[in-house]
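Residue numbers (the numbering used here), protein chains in the order written: chain Y, 1 to 138; chain F, 139 to 543.
I should point out that these hints are in silico values taken from the structure, not numbers from a laboratory.
Please read all numbers here as calculations on a predicted model, not as lab measurements.
For each residue, glycine too, the CB sits at the ideal point set by N, CA and C.
Possibly wrong hints are sitting among the right ones.
The calculated DSS-like cross-link candidates involving lysine-lysine, where the alpha carbons are at most 25 Å apart (straight line), are [stated by the list, open to error]:
(1) Lys15/Y - Lys420/F
(2) Lys22/Y - Lys518/F
(3) Lys348/F - Lys6/Y
(4) Lys530/F - Lys15/Y
(5) Lys348/F - Lys309/F
(6) Lys79/Y - Lys518/F
(7) Lys309/F - Lys15/Y
Reference listing, derived: stretches of chain F covered by chain Y, where coverage requires no fewer than 3 residues with Cβ under 8 Å from a Cβ of chain Y [unchecked claim]:
(8) 148 to 160
(9) 482 to 494
(10) 521 to 533
Letter by letter, the chains look like this.
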Amino acid sequence: MAYSDKVIDHYSNPKNVGTLDKASNTVGTGLVGAPECGDVMRLQIQVDNATGIITDAKFKTFGCGSAIASSSLATEWLKGKSVDEAVKIDNMDLVEELNLPPVKIHCSVLAEDAIKAAINDYRSKNGLEQLVFEERIH
Amino acid sequence: MLKLPIYLDHNSTTPMDPRVLEAMIPFFTENFGNAASRNHSFGWHAEEAVDYAREQIAQLIGADPKEIIFTSGATEGNNLGIKGVYEMYASKGNHIITCTTEHKAVLDTCKHLEKLGAEVTYLEVQPDGLIDLKALEAAMRPTTILVAIMYANNEIGVIQPVKEIAAIAKKHGALYFSDAVQAVGKIPVNVIADGIDIMSFTAHKMYGPKGVGALYVRRKNPRVKVTAQIDGGGHERGMRSGTLNVPGIVGFGKAAEIARLDMASDTERISKLRDKLENALKVIDETYVNGNPAHRLPHVSNISFKYVEGEGLMMGFNKDIALSSGSACTSASLEPSYVLKALGLGDDLAHSSLRFGLGRYTTEEQIDFTINAVTDTVLKLREMSPLWEMFKEGIDIDAIQWAHH
């Protein structure tokens with residue numbers, strides 16, 4: 001299968017690979033996927049508590065090139081957004097930007113789930129209620 | 139100067155040897171006759187060429203030329219061998235024994251026969267990929283007509299204890315069929331010494347052309363017959379009708395002859411390169427070689443690089459190196475290799491595997507390049523892998539409740 005140039009670029013030069021302090025209450029961590037499925041994504045956001053703006057985002061991903069590219073692009077998009085804006089990131093935006101083929105759409109879904117999981121982790125650390133997301137079939 | 143890309147997928151197919159192509163060329167244009175045309179010289183020439191190829195192929199496997207039935211390839215051979223026995227020996231029984239790591243051409247053929255009334259036992263393999271002979275013995279029934287166990291596995295290269303399997307089958311009055319597509323031309327195969335009754339193999343895995351294969355069908359001790367699956371002009375002793383692919387058969391014959399003459403020197407050279415590759419990659423932490431190392435084809439190495447995913451790994455070098463992964467992230471099912479899972483490998487290790495298949499034209503320079511490219515990519519992806527980070531922190535990954543999707 002041929003990968004798009006954008007997937008190859010993110011795979012070769014991934015943005016924001018790394019780890020934030022998951023114990024900090026300004027950091028939200030989302031860990032999604034499963035080793036058995038061949039995809040595990042960990043996405044973290046650093047939030048400025050005063051402004052609600054995401055000042056930094058990091059990821060680590062076990063998975064194929066499309067999964068790595070989806071998480072790399074997601075971290076790029078997260079930086080500078082408010083938490084409220086970040087919730088609205090849709091997996092289909094990732095699909096479109098990376099030109100993912102149908103068999104790789106689940107990679108973008110995983111990235112969206114990781115964003116939401118990270119936001120909920122941040123919210124629970126700060127005494128905010130959990131956002132409830134629609135159950136989706138992957 | 140190293141020419142890219144490097145081909146290390148010789149278990150899926152091999153390039154044709156130029157000597158094979160040279161032998162084939164006259165049979166497309168000048169000697170184009172139908173080998174079944176008995177009344178003119180065009181037919182005689184073609185038949186002569188086919189007979190010669192039949193001898194070359196028979197010699198490679200220690201058979202009589204009359205025992206070679208030409209087919210379109212090993213998938214057809216597996217179908218003909220198994221379905222043909224099931225039909226021919228229906229009055230003797232309906233039980234077939236095979237194993238879970240067989241090629242789909244065997245497994246799906248068995249599943250097809252189950253729908254028609256066959257009873258099939260699918261033996262599990264041991265963690266090293268070999269079948270348990272005691273389990274085979276225990277599975278034999280008075281109604282067992284066929285034991286279908288491959289010679290060598292296509293994904294991990296393990297060589298099954300063929301002689302012992304044949305002895306057990308014989309003791310219980312069953313026939314022994316072997317899919318030997320990965321073994322013939324690579325390691326010594328002798329149907330008499332091995333005790334095989336029916337065996338399928340193909341030209342394109344041994345530097346011959348695609349679209350031509352053979353089924354060995356024993357004529358003595360016992361005399362075996364299979365019911366034709368393709369009816370027509372009664373070619374190939376009535377077991378496989380259809381005009382013979384004369385140029386393909388000529389090429390197959392030549393490929394068999396070269397394999398027989400060059401096997402010892404090819405094996406010595408290729409196995410050294412394989413060992414060099416494997417030893418260099420084993421230096422990387424948390425790397426596991428799959429399959430019994432003592433009973434394995436000399437040109438195959440299947441390695442799991444824990445905590446990196448196979449397809450992601452291949453992407454790091456697949457513009458330069460062609461090989462195969464046990465991961466199936468490209469397929470809609472997301473299921474990793476059933477062969478690796480049958481060994482008892484966790485899905486994580488099955489998803490993390492690469493199959494290296496070396497061949498006649500593999501060079502040391504190519505292996506050195508591959509060692510560097512694979513090592514660099516594994517290390518880079520591990521820096522990016524959350525599982526590797528957890529492993530390094532001593533977190534038990536198996537204890538985590540993963541959300542399955």
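Taking the hints in turn, this is what the structure says about them:
Restraint check: the Cα-Cα separation between Lys15/Y and Lys420/F comes to about 30 Å, which exceeds 25 Å; the hinted pair is violated. Distance check on the hinted pair: Lys22/Y and Lys518/F sit about 23 Å apart at the alpha-carbon level, within 25 Å; holds. Distance check on the hinted pair: Lys348/F and Lys6/Y sit about 37 Å apart at the alpha-carbon level, beyond 25 Å; violated. In summary, the hint linking Lys530/F to Lys15/Y is supported, as the alpha carbons are separated by about 22 Å, within the 25 Å threshold.
With a C-alpha separation of about 37 Å, the suggested pairing of Lys348/F with Lys309/F is violated against the 25 Å cut-off. Proximity of Lys79/Y to Lys518/F is assessed by CA-CA distance (about 24 Å); at most 25 Å being required, the pair is judged to hold. Our distance criterion of 25 Å between C-alpha atoms is broken by Lys309/F and Lys15/Y, whose separation comes to about 64 Å. A count of 0 residues in the region 148 to 160 of chain F with a Cβ less than 8 Å from any Cβ of chain Y is obtained; the coverage claim is therefore unmet, three being the minimum.
Closer than 8 Å: that is the beta-carbon criterion, and the region 482 to 494 of chain F has 4 residues meeting it against chain Y, so the requirement of 3 holds. A count of 7 residues in the region 521 to 533 of chain F with a Cβ less than 8 Å from any Cβ of chain Y is obtained; the coverage claim is therefore met, three being the minimum.
This entry does not satisfy hints 1, 3, 5, 7 and 8, going by the numbered hints stated previously.
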